[in-house]
Structure formats: C-alpha cells, structure tokens
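Q: Residue numbers (the numbering used here), protein chains in the order written: chain Z, 34 to 326; chain B, 34 to 326.
Don't take each hint at face value.
Identical copies look the same in the list; a pair holds intra-copy or inter-copy alike.
No more than 30 Å apart at the CA atoms, straight line, and that leaves these computed lysine-lysine pairs for DSS-like [what the hints assert, rightly or not]:
#1 K307 - K266
#2 K42 - K215
#3 K132 - K266
#4 K307 - K215
#5 K307 - K200
#6 K215 - K266
#7 K132 - K200
#8 K215 - K200
#9 K132 - K307
#10 K266 - K173
Hints are computed from structural coordinates only; laboratory data are not their basis.
Every value quoted in this text rests on a predicted model; they were computed, and no experiment measured them.
Number of protein chains: 2
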Amino acid sequence: MTPPLEDRKERASAWFGELRDLICARFEALEDALDGVNAERFAGTEPGRFEGTSWTRPGGDGQEGGGGGVMSVMRGRVFEKVGVNVSTVFGAFSDEFRKQIPGAADDGRFWASGISLVAHPQSPLVPAVHVNTRHVVTTKGWFGGGADLTPMVEDETDTRDFHAAMKAACDAHDPDYHPRFKDWCDEYFYLPHRQEPRGIGGIFFDYLDSGDWRADFAFTQDVGRAFLDIYPKIVERHMAEPWTEEQRRHQIVRRGRYAEFNLLYDRGTQFGLKTEGNVEAILMSLPPLAAWP
Amino acid sequence: MTPPLEDRKERASAWFGELRDLICARFEALEDALDGVNAERFAGTEPGRFEGTSWTRPGGDGQEGGGGGVMSVMRGRVFEKVGVNVSTVFGAFSDEFRKQIPGAADDGRFWASGISLVAHPQSPLVPAVHVNTRHVVTTKGWFGGGADLTPMVEDETDTRDFHAAMKAACDAHDPDYHPRFKDWCDEYFYLPHRQEPRGIGGIFFDYLDSGDWRADFAFTQDVGRAFLDIYPKIVERHMAEPWTEEQRRHQIVRRGRYAEFNLLYDRGTQFGLKTEGNVEAILMSLPPLAAWP
C-alpha cells in the first residue's frame, strides 16, 4: 500500500539525511586511518572533518516556495575536497522550465529532496566519485539518481568491483535495471565535444515510478547503501600508495574535464541554477584544483 | 561603395591574420622584456614563443562545409597561457541553431571568420584579457566582437585606461557606440548565479551592420588596434611587480569564475561546440590552473 504523500516525502527526505550521516562518518574514519608515506606528506595536518552549513531557499518570483538544505564539506588528507549536499526544496518551476519536467506542464509546483556527493581525493590513484539520489514530486512522483566512478589512473579491479556493487543493488530489485541504468550512465556521463566518457560509469536512473512507491524507494536506498559499501573499500585499497608528480599532474588535467562536464552538460547543475538553489552547494562538485595546460 | 562579397570576406579574414601577427610579435616582445624578481622566478626558462597549429574543419552531416584555422599558443614567463585563434569556416547551421542566427532561418548557410584571444598571465597583478572580432555572413552580414579586461587585483589606473582606449576607438566612428557597447559588455560578461561581473568590462558588440560595410570593417579593425595598443601597456606596468602567494591563490580562484562563465554562458563557446569547431581552439580560453577550494 502506498503511504500518503506527506509520509512519502518525509520518509524520503529523512533517509537522505540518514545516508549523509553514514557517509560522513565512514569518510571521516578513512581520514583517521591514513598512515604511511601519504600521512607523512600531510604531516602537521589533522585528519579532515566535515563542516556543515545550512541554507534556506528564498521563494522566487512571488511564487510560494522555499525549503533549504545542508552543505557538508570536508577538506582533508585523503579527500582534497568532498562535498555532500542534502536538500529539500519546493516551489513552482518557471514557465520555461516546466515543459521539460514530467507532470509539471500545466501545474508547475514541485517538491524535491535529495542527496548529492562528489569526492575529489588528494591521491591521483584514488578515483573521484559522484553519487546522487533524489525524490521529486510534481503532479507525478519519481526517484532518480545513480553513482559513477572517475578513476584518474584506471585500475581494472576497481572498475570491476564498482560495477559489481551497482549490479548487485540493481539485481535485487529488477533484472532489467542494471543493463538499462548502466547504459544510461554511459550515455549521460559523456563529453560529446571531447568524444570521451567522464569516467568508467556506474548507474544512472531517472523518472523511476514503477507504480510501487515502496519498491522504488527501497531500490533508491539500496543504491546509496551499495555506494557506502564499495567506494570506501576502493579508497582503502589505494590511499596509502605513493604517487608521482606526473600522476598528480594528470589528475589535475582530468579534473578539468570533470569541470567541463558539470558546467556544460550536467542536468543537476542546470536544474539547481534555474531553480535558485544554493550556488555554493550546486558548484561544490567542482574540483579543488584543475588545469587546462 | 560596398566591395563585392568575395572581396569583403577576403579582406576581413586577411585582417584577422594580420592582427594576430601583430599581437603575437608584441606579446613575444613582452616575454623578452621581463626582468627583475619575476625573471628570477623563472630562471632557466626561456622567454615564451607562440606555437601555431593548423586545423581544418570537416564538413558535417553531409552538408557542404569546411574551412579551418590556426591556434597559436604561448606558455611563457609573463603569459602563463595565451591562446590566439584565427579561423575561417563555412557550412550550414543545424536546424536547431539556425533560428537563433540573423538571416539563417530559411537558408542555414554561413561563412564566419574571426580572431579570438584569451591571455592568462602568470602574475596575479597583470589582468587577464579577452579580445575577439569577427565577420559573419549568412543571407545577412555583420561584424561583432569586443575586448574586456579581468583584473584579479583591481587597479584604478588600468581600469580607467582600458575603458578610455575602448572609448576612443568607438568615438572615432560613432558617439553612440561606446555607451551602447560598454553596457552590452557589462550585461554579457556577467555571472547571474554568482551575481557578479566577470571583470571590469570593456566593449561588446554584435550584429553590427550600419549599411556601410567599409565603416563597420574600419571600426572592427580599430577595436583590434586599440587592444594591441593598450593591453601591452597595462602588462608592462605590472609585470615586474613582485606578488604574494595569497595574491596568486586569489588569482587561481578568480580563474575558476572565468571557467564558469566560459562553460556556462559564453556564446562563442556554444557556437564553436555546436558548429563542430576545433575543440582545443574553442577551449583554449580555459585557464591553465583554476581552483574551487
């Protein structure tokens, strides 16, 4: 039985906050666990800790609207910069924008809640990662999200394990999910002007409304849990490895591509900027240092 | 008397190449002239020299089309990265794009030639700069372009002199030009999501077709000449000044804003990527190093 609308919203937004807390605790533990040459590299620097900043969204254009979120950022020894945003916002889409959104053409009101994370590690041997899950309600309602990995120096084991984790999360719900959502991810995280993918992919899904809200929500939760399990393992695998200046330079150039994707193509960035989201939170995904040499 | 179309195209594209040669010679002379602490900073590094790469544009979508250009890049001691592109391309706009272009709605064929320069100096005390002039022919024909300055550490004298130089170039042709083109520049080089201008502005003009081709071409040439005169003077004023790490850090963060503008809003970037221009040339404007800390 589908819970009432207000319960659905509350449960979804509560989960995104809970997942954020789990992720932050796990990432801080990675900061604490760093030792060896890479700990020496940051001698005198304390293990990173997340710092949260709350923001509220002003209602725009005389429309009813508001909400807000918390942007949590950690600048550490393992993670050069990692941002985790949770937000719950509501209001009305602009006339221009509502045509593009399911269920909003005639009634532009929306409610949206989600979590979004981008991690840029210090080490070029530790992959960057992005994960995002969300619940959106207009006159329709759906889940969306995904997780994708961007290694700067590719490692076959990481690639295999990341895809396997996403596949397991998908397969537990629907055997069709993984092939569809993996392809969707490859298609989405692609830079046409460079004719290259952003990373090795993962999964991407949107407008998920199977008719069974509980099942769709459980799947969305499992994507978050799968990320929380696999990504820290990949970080642990590489975080103590020494790296060269040449690898670091390569990482910083690859991060330029990451910035290109997010600014030229990312729908979340466009959505956020067009719905008067928090600019600092939206652009938190941009790399701490990037080069176009 | 208006020259025949082929003469107009040839004269415009020849000028853009000539202006490129003048600019490159002047910029290389600045590289040679560096002395004092900032020359010591780059001890062992030769003064920068432009390196040119030619490219040709493939005709797309079975449409007739082609052309190409030369991308000239210098990585030096005064200029961390400066790119100058000249290109002359022709073909047909995609159906989606042609509605946005004057004179192209019913006949999407175009010819476009221009010069575009972006300079990112090493010193945070030397302003970054952008200049671009172009001639576009569809069933209509017009000139466009402008020049704008992006100081990282503002200097009132630079601002005043840069605006005065642009004003003089404008006033020699039409007293209405400078007020219009200065406002247009302020409006264009603005980051709405940050609610901040990209720099201190300059001039920006487009679709210039007064009915007197010779006058419009002469004005476009004068904008190039005004840039060639004033910008190197501003560079000379500051290039020997010592700078602090804090100023350098500030510069690199401001360059992040520059990348945001170019990727999120710049029409030239969008135009280039949509008309299958040379990606390396289009994205040459991106800063050698940028930070989103």
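Q: Look at each hint and say if it fits the structure.
A: Hints, verified against the model:
| no. | hint | verdict |
| --- | --- | --- |
| 1 | K307 - K266 | neither (36 Å within a copy, 41 Å between copies) |
| 2 | K42 - K215 | within (27 Å within a copy, 49 Å between copies) |
| 3 | K132 - K266 | neither (42 Å within a copy, 51 Å between copies) |
| 4 | K307 - K215 | both (28 Å within a copy, 27 Å between copies) |
| 5 | K307 - K200 | neither (33 Å within a copy, 35 Å between copies) |
| 6 | K215 - K266 | within (21 Å within a copy, 55 Å between copies) |
| 7 | K132 - K200 | neither (33 Å within a copy, 44 Å between copies) |
| 8 | K215 - K200 | within (9 Å within a copy, 55 Å between copies) |
| 9 | K132 - K307 | both (13 Å within a copy, 23 Å between copies) |
| 10 | K266 - K173 | neither (37 Å within a copy, 60 Å between copies) |
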